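Asks: Here the protein sequences come in this chain order: A and B. Note that this note's numbering gives residue 236 to position 220 of the first sequence, counting from 1, and the numbers run on in steps of one. Note that this note's numbering gives residue 82 to position 79 of the second sequence, counting from 1, and the numbers run on in steps of one.
If you are wondering where the hints come from, they were derived from the structure by calculation, not from laboratory data. None of the values given here were measured: they were computed from a predicted structure. A virtual CB, placed ideally from N, CA and C, is assigned to each residue, including glycine. Incorrect hints may have been included.
Said to hold, decoys possible - Per label pair, the in silico range of CB-to-CB distance:
hint, chain 1, residue 1, chain 2, residue 2, range
1, A, Val-404, B, Asp-265, 48 to 56 Å
2, A, Ala-407, B, Val-186, 52 to 60 Å
3, A, Val-404, B, Ala-410, 49 to 57 Å
4, A, Gln-38, B, Asn-180, 47 to 55 Å
5, B, Gly-191, A, Ala-407, 49 to 57 Å
6, A, Asp-39, B, Gly-191, 49 to 57 Å
7, B, Ala-323, A, Ser-194, 34 to 42 Å
8, A, Gln-38, B, Lys-363, 24 to 32 Å
9, B, Asp-193, A, His-297, 57 to 65 Å
Said to hold, decoys possible - For the chain A half of the interface with chain B, some residues (derived, Cβ under 7 Å), not all of them:
hint, residue
10, Leu-37
11, Asn-43
12, Cys-47
13, Gly-61
14, Glu-63
15, Ala-64
16, Leu-73
17, Gly-76
18, Gly-80
19, Phe-88
20, Ala-103
21, Pro-106
22, Cys-107
23, Ala-407
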Amino acid sequence: MSETITAKDINEQDKALLSDLQDALANCMKCGNCMEVCPVYKEVGKEAAVARGKLSLMEGVLKGAIPLSAAFDTAMSKCVSCKACTAKCPCGVPADELILRGRQAAVKARGLHPIKKKVFALLKSRHLFDFSLRMAGIFGPITFKKIPGKMAALARFPMPGMDYKRVTAPFASTPLRSQYPEVIKVDRPTMRVGFFTGCTINYIYTDVGQSVINVLKENNIEVTMPSMQHCCGTPVYMSGDVDSAKILAKHNIETFDSYNFDYIVSACGSCTEAFRIEFPHLFHDDPKMSAMTEKLAKKTYEISEFLIDIVKIDKTKLGPVDVTVTMHDPCHMARGIKVTKQPREVLKSIPGLKFVEMKAPDRCCGSGGSFSLGNYELSRKINDKKIVDIASTNADTVVTSCGTCRMHLTDGLFQNNMNQDALHVIQVLDRSYKAGKK
Amino acid sequence: MEKHHINALKEIVGEENVLTSAEDLYCYSYDATPGHAHMPDAVVSPANTTETSKILKLANENRIPVYTRGSGTNLSAGCVPTKGGIVLLMTRLNQILEVDLENLVAVAGPGVVVADLNKEVASFGLIYPPDPGTVATATLGGTVAENAGGLRGLKYGVSKHYIMGLEVVLANGDIINTGGKNVKDVSGYDMTKLFTGSEGTLCVITKIIAKLVPAPEAKKAMMAIFKDLDNAGKAVSAIIAAKIIPATLEIMDNATIRTVEDYAKVGLPLDAEAVLLIEVDGNPIVVEQEAAKVMEALKANHADFVQIAKDDAERDKLWAARRAALPALAKLRPTTYVEDATVPRNKVPDFLREVSEIAKRNNVTIGTFGHAGDGNMHPTIVCDIRQPEEMERVYKAMDEMFKAAIALNGTLSGEHGIGLGKLPWMEQQHGTVAMNAMKSIKRALDPNLILNPGKLVGEC
Ligand SMILES: Cc1cc2nc3c(=O)[nH]c(=O)nc-3n(C[C@H](O)[C@H](O)[C@H](O)COP(=O)(O)OP(=O)(O)OC[C@H]3O[C@@H](n4cnc5c(N)ncnc54)[C@H](O)[C@@H]3O)c2cc1C
Ligand code: SF4
Ligand code: SF4
Ligand code: SF4
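Next comes chain B alone, as it looks inside the complex (with noise of 0.2 Å):
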């Protein structure tokens, strides 16, 4: 980039907002992804629609590659900005601008921090259910951008759910708008959903419909401590198989339980080989009936150990060992790599013995948890960036891991992405001509490549 492109955006969006040192570009060089990070040439942070137009118009015409920012949590390597250019962070859109109560919708600015937004709602006895392990720091527009998940995903679903409309800004500055809040809207292709989990590679998210529902009124939580892994899949089932949706249904395998066991001692049998954490909720009553399933679903299913929480605490108490699980993972070692391989709900148990003789054919410790009732799992990684050979391990032990979950009809991905960090493996989960096909869509929509190029679907 050049001093008169510098400049010109600082005449868009004032000197205050366009930042050069050394240092500050520094900061803007990495997200949450261990192993990547570049510099920029400039971060720049538009007020508004109509400076996020202009800053993209300019960088069209001359080239420059644009790598759209929120909070940089992600954990795909959405945000580094591999080839130069310009960070653009979204920060500062961050207005609620509308709870329509009769509509059930609010429309936000993509810099919104998801639970700032939960915060707004909750006084009307509503939630936004997209609920990452981010919430508190995550941006409406990098969820949306991510379609990213959370806990609740079984039964609230993830981001692509509550996503009714956008406005968005395209590679060449023009402003459209998607969808609305019409609950039913099939005027056209659905771009709303094209751009949600579109990671920056398509458009710029200026402005968010999103859907609301009535907060659950009660809820109720459950632990099975088990030392078979058979028997644990086979009370997930069971549940389902019950006709019960709970919002959680959480497991954790036993490298994780002897890590958190270690770290925070609550309680957890070392030579468990699973533990269930389950959560349903909604009307009071119907909550009481579906706990009392689940508590016997457990039981027929051979749990050796089983809790069923009476108050707020005891409930917190139970969450406790989920919790503790990523920072007590995370203590281990200095880095940490959190993947979110997914499979059908009924192979979890073959995918979680697979990762376990991944870790010890290659060596490298893995720690897995995740969210049992839709199978995206969280295999964690723990090691040290800094110790090449160490590294081969680990690498290898990723590919596997990978190629398994393809194997098992699963996915690379649940929610945290592609970006980088799992392209290598794209090819062999679409193939190539749906490779081609995305290829397209991408070359249409931004045919200069400026939009976080060489992500999601590799160089063009």
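Chain A on its own, in the form it takes in the complex (with noise of 0.2 Å):
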């Protein structure tokens, strides 16, 4: 395809794509409030970085006075879909859903990222994407070198995509799915509970999917780990790739609706996020679909949201964990779903922990889902910020709630010769069951 693709081609191919955006991007008054909020722009320091210039970029290509170009797709992948700049906007302009439509757009035009791209192509396939990164557990000592005592390896070589000297979390060599029976039976109990692992726990963080069995079990909550989940869809969304998005959120609503569970945990802001707005918003026009969706949207809870929320836990349960504990809220936390009080509240039961809040804790850590495959360097500066504030408050341990996050603060500690722990929040609290048992 040529370089030049014009808003005429664009619209010979899908006339509603871009213009129904017409409206929406017109609410934007163009005060550049976002400038104040928005990571990339902190960074990149230029108009086209921020989402006021990302949406005039949008307006432009509508307009016909700029091309749907190279340059273009660029500048709507410089995201990393925080939502800081919807949060901030005097005007109420969904500014991240409008970039994500930019990225469709471009996407239609001339396909994706070439390595996202084979990521997600592999991703479409259950089989393939569960076989591979099996294999990227059994081999993964030979591409991946070991950091003694963390959840993370340094990529030996250099992989497609990914920059050598990143620290990425090794993936398991057994995927927690594997590692447990379908259905985790306990005796009487009080309810059953669906939980949707996602992929970065079922092959790379299976430690947080291990304690989030064994507090469910503490609980006497029964847990079923559907065999036929497959990822929520979120990164090939969140890269324009809509069709994909459809196939895999359709396969994982099914799954979940045949169980009839009671609730349906996940231990990831997005992934909470999917479940609960992202699939209604996918079928919101498919009638059949609609009403399985909107039914498992409400029962669908974060973890430490349904602890605090719905079990309502038994604190005397809980024994000392001698930590000095900082948060970072995930974007998808903070501003998707907006549960931020409930992990606070879970670290706040345990005896012994010391909480200290850090400056900014909801400012994005840079990750962005998919954003640092193909941005590696910007994600990093962003993430420095972050770990400045982390090493701020003395704290020996970060926590947060995606496994993501978790992942890009470990490469950050790393990278800034830090030693402190970065763990998921529900990690935390099974320890904190354990020692209640000593």
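Assemble the dimeric complex from its two separately framed chains, guided by the hints.
Replies: Shown next as structure tokens:
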């Protein structure tokens, strides 16, 4: 395809795609308030990096003033989807969502970023995906050098699309769902929940998954991890590939619906957001899917939220954990599903634990899902600010509620020669339950 | 502009600091002003004064227009490159060079964001008072060039009251220093004041020496609701007559009250004609005394409801209504014009009444809120710029509004600047002779008319 694809070309392909955006874009008054909070703009310093600029570019494409070029794609990809602009906007412009639409236009016009394309092609086939990630787990030590004592490894060989200096977590040699039976029974269960593990927890952070299961068991809850579950599709959706996202979503919705759980829990803000907000959004004009999706959305909870609001955990069973903890709020927790109090309450219930709030705990850590795949340097710079804030709390542990955030924080701590632990909230709670038994 | 000009610019600032792709240029075709956009030929970001000087020399010799830009949040089309040429982006000059605690001044680059300067000096118990609604995004350079004001204008004044000296680059590339750290300084014309508020038409500011003041120890916020606009006006006069100068004295008219209530549900009565928000600050004992006197003045002038904030949480609640004013109005319609016509303090009720008459007469939506204490009003027009018929009515309403302000001995702009937006009314306010005097200053300092040509004083 040639470098310059015009608005006319794309509209011929899909007339509805960009043109119904016009009204939404017109609501931006160009006040520039989003400059204050956009982590990408703070690093890049150019107008095309901030929401105001990206929305203007979309407007420019719609008007035919500028072509739907490769530079347009690049501008649209420079967004970690942290929703900070949307939260700040006086006009109520959902800039993060509109930018996704811009990406969708770009994908329609010329396809995905080549690296992402490979990863996402893999994602679409559950078997192939499972197989290759298992292989990564088994053969992991060949490509990744372990860093002693950490759930982290340095890529030893340059991997496609991955900076060789970068620390990623090693793939687990046995995925979480293969470590347990599908249904984990307890005596006289008070309720039955479906655990949507998501890919990060299934293939990489199995330690988080184990903690989720332990904690739920402590509360007499029967946990099921439906074996047919698949990636929620968020990364594909975020990259603008809506069709693939729909395939993945439908698969998960039908799978979880068939079990008739009391609740669905996940240990990731983005996964919860997918079930609660994105799936209903994807199928809002499909009556059959929509009813099923709405039903699931209502019973889906993020783990801390579930433990505090629904289970109302018995705090007397908790034993002391002697750590100083600070917390990073993932964007999709803070501004997506708006859950920030409950994880704090979980931590504050733990005897002996000292909680120190960091500066701007809900500022993006720079990971932005698969954003860091294509923009590592930039996401590193955004992350460095977060690391400084963590350091100034003097905490020995930083906790969060998202696998990709944990991975990016771990990388940041390593790159900055710091030795704090980066954990999921639930892992600290798991330790506390264990301490309570001693 | 030609290829060799672009290459020369790249020589000066480095390849990565010259943007020329259509996408990047498109992103610098606008600022926060609705309805004005034009693409530049290049966006150039210098790192320091020397590079700025070289760029201007090149532009001047080749008669290339230069549009200086900070964060592009101004509301008068001051950054729009209407004749193409160069957008000169000053955001890389963002160093705070010095905080001088003995002379209470800060020296900083024009690219420093105002809130960042305040964060830096807060640790010394100091503030830099000019606080436009955009403190968290606007640059020091942009605020000085616009002579920006803000919520604390009544007591603390506006940018020009805090600028003690400047380093500027003139149109031909010459670098000059004006003023300095001296509190008293009558040596020569006051060039510092001339450049402050010059909207990028006379020079490019590359360094700013700003006065700092001690942060107030205490604050007290109050709110009053009036069913009768005149009583609100009298209350304002009574507060000032009691020799109290509140840091903040804000007013919202009925249209704004209804919009805010609809959007934020803060509990304002829909039939109120005015809400006043008052905040006094300073020494804790004096603050208590002044707050008591303000409450007296409000009651004596028949406020229908008054409230005083007991703690920070209550203060936040009182402020919530005022903070919601712009977001609530802006969400009504796609296009938002925030105007800033200003009248003498005692004319505020007359002006508010005129504006609501004008809105009715032209069938346009205008909510007015603003700084009652200093007469600086923000009639905010919400509309849809894509509807030509509606826009005709909007322009007519604007015209009537500015004429009304001038007739009340007011001024077109209290803080947002003239730029292009209010240029058509300049002659009416100042007359031909005064306009010619201003134009001669422009021609003397920028004979080739390269700096923000056509703005503020118009074509020369
Ligand atoms: C929502 C909103 C609220 C606002 N509230 C207020 C308010 O309360 N009070 C107020 O006064 N204003 C307000 N403004 C207007 C605006 O924020 C101010 O005018 C601000 O000073 C602009 O700063 P900037 O860095 O964005 O400058 P820009 O918009 O980039 O530039 C403004 C002007 O200054 C010139 N300029 C910029 N930098 C330099 C330099 N280094 N040397 C020479 N010339 C230069 C430009 O050419 C232009 O003419 C508001 C704007 C918005 C969108
Ligand atoms: S804050 Fe909202 S209205 Fe303002 S520029 Fe950003 S997106 Fe546009
Ligand atoms: S979502 Fe975050 S990264 Fe993307 S434009 Fe908004 S503030 Fe910037
Ligand atoms: S959001 Fe991330 S962790 Fe959750 S399922 Fe999707 S890819 Fe996996």
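Asks: Verify the interface restraint on Glu-63 (chain A): the C-beta must sit less than 7 Å from at least one C-beta of chain B.
Replies: Glu-63 (chain A) check passes; min Cβ-Cβ to chain B is 4 Å, inside 7 Å.
Asks: Taking 48 to 56 Å as the hint, is the beta-carbon distance of Val-404 (chain A) and Asp-265 (chain B) inside that range?
Replies: violated (42 Å)
Asks: Closer than 7 Å between Cβ atoms is the bar; does Asn-43 (chain A) clear it against chain B? Give me holds or violated.
Replies: holds (5 Å)
Asks: Given a hint of 52 to 60 Å, does the C-beta separation of Ala-407 (chain A) and Val-186 (chain B) actually sit inside it?
Replies: violated (41 Å)
Asks: Does Leu-37 (chain A) pass the interface hint, meaning its C-beta sits closer than 7 Å to a C-beta of chain B?
Replies: Hint on Leu-37 (chain A): violated, closest Cβ of chain B at ~13 Å, above 7 Å.
Asks: For the range 47 to 55 Å, tell me whether the beta carbons of Gln-38 (chain A) and Asn-180 (chain B) fit it or not.
Replies: holds (49 Å)
Asks: Does the Cβ pair Asp-39 (chain A), Gly-191 (chain B) satisfy 49 to 57 Å?
Replies: holds (55 Å)
Asks: Does 24 to 32 Å hold as the CB distance between Gln-38 (chain A) and Lys-363 (chain B), or does it fail?
Replies: Since Gln-38 (chain A) and Lys-363 (chain B) have Cβ atoms about 31 Å apart, the given range 24 to 32 Å holds.
Asks: Would you check whether Leu-73 (chain A) satisfies its interface hint, that is, whether its CB is within less than 7 Å of any CB in chain B?
Replies: holds (6 Å)
Asks: Are Phe-88 (chain A) and chain B close enough, Cβ to Cβ, to be under 7 Å, as the hint says?
Replies: OK, holds: Phe-88 (chain A) within 7 Å of chain B, min 6 Å.
Asks: Please verify that hint: Pro-106 (chain A), Cβ, nearest Cβ of chain B, below 7 Å or not.
Replies: Constraint on Pro-106 (chain A) satisfied, holds at 4 Å.
Asks: Could you tell me whether the CB distance from Gly-191 (chain B) to Ala-407 (chain A) stays inside 49 to 57 Å?
Replies: holds (50 Å)
Against the hints set out earlier in the document, violations occur for numbers 1, 2, 7, 10, 18, 20, 23.
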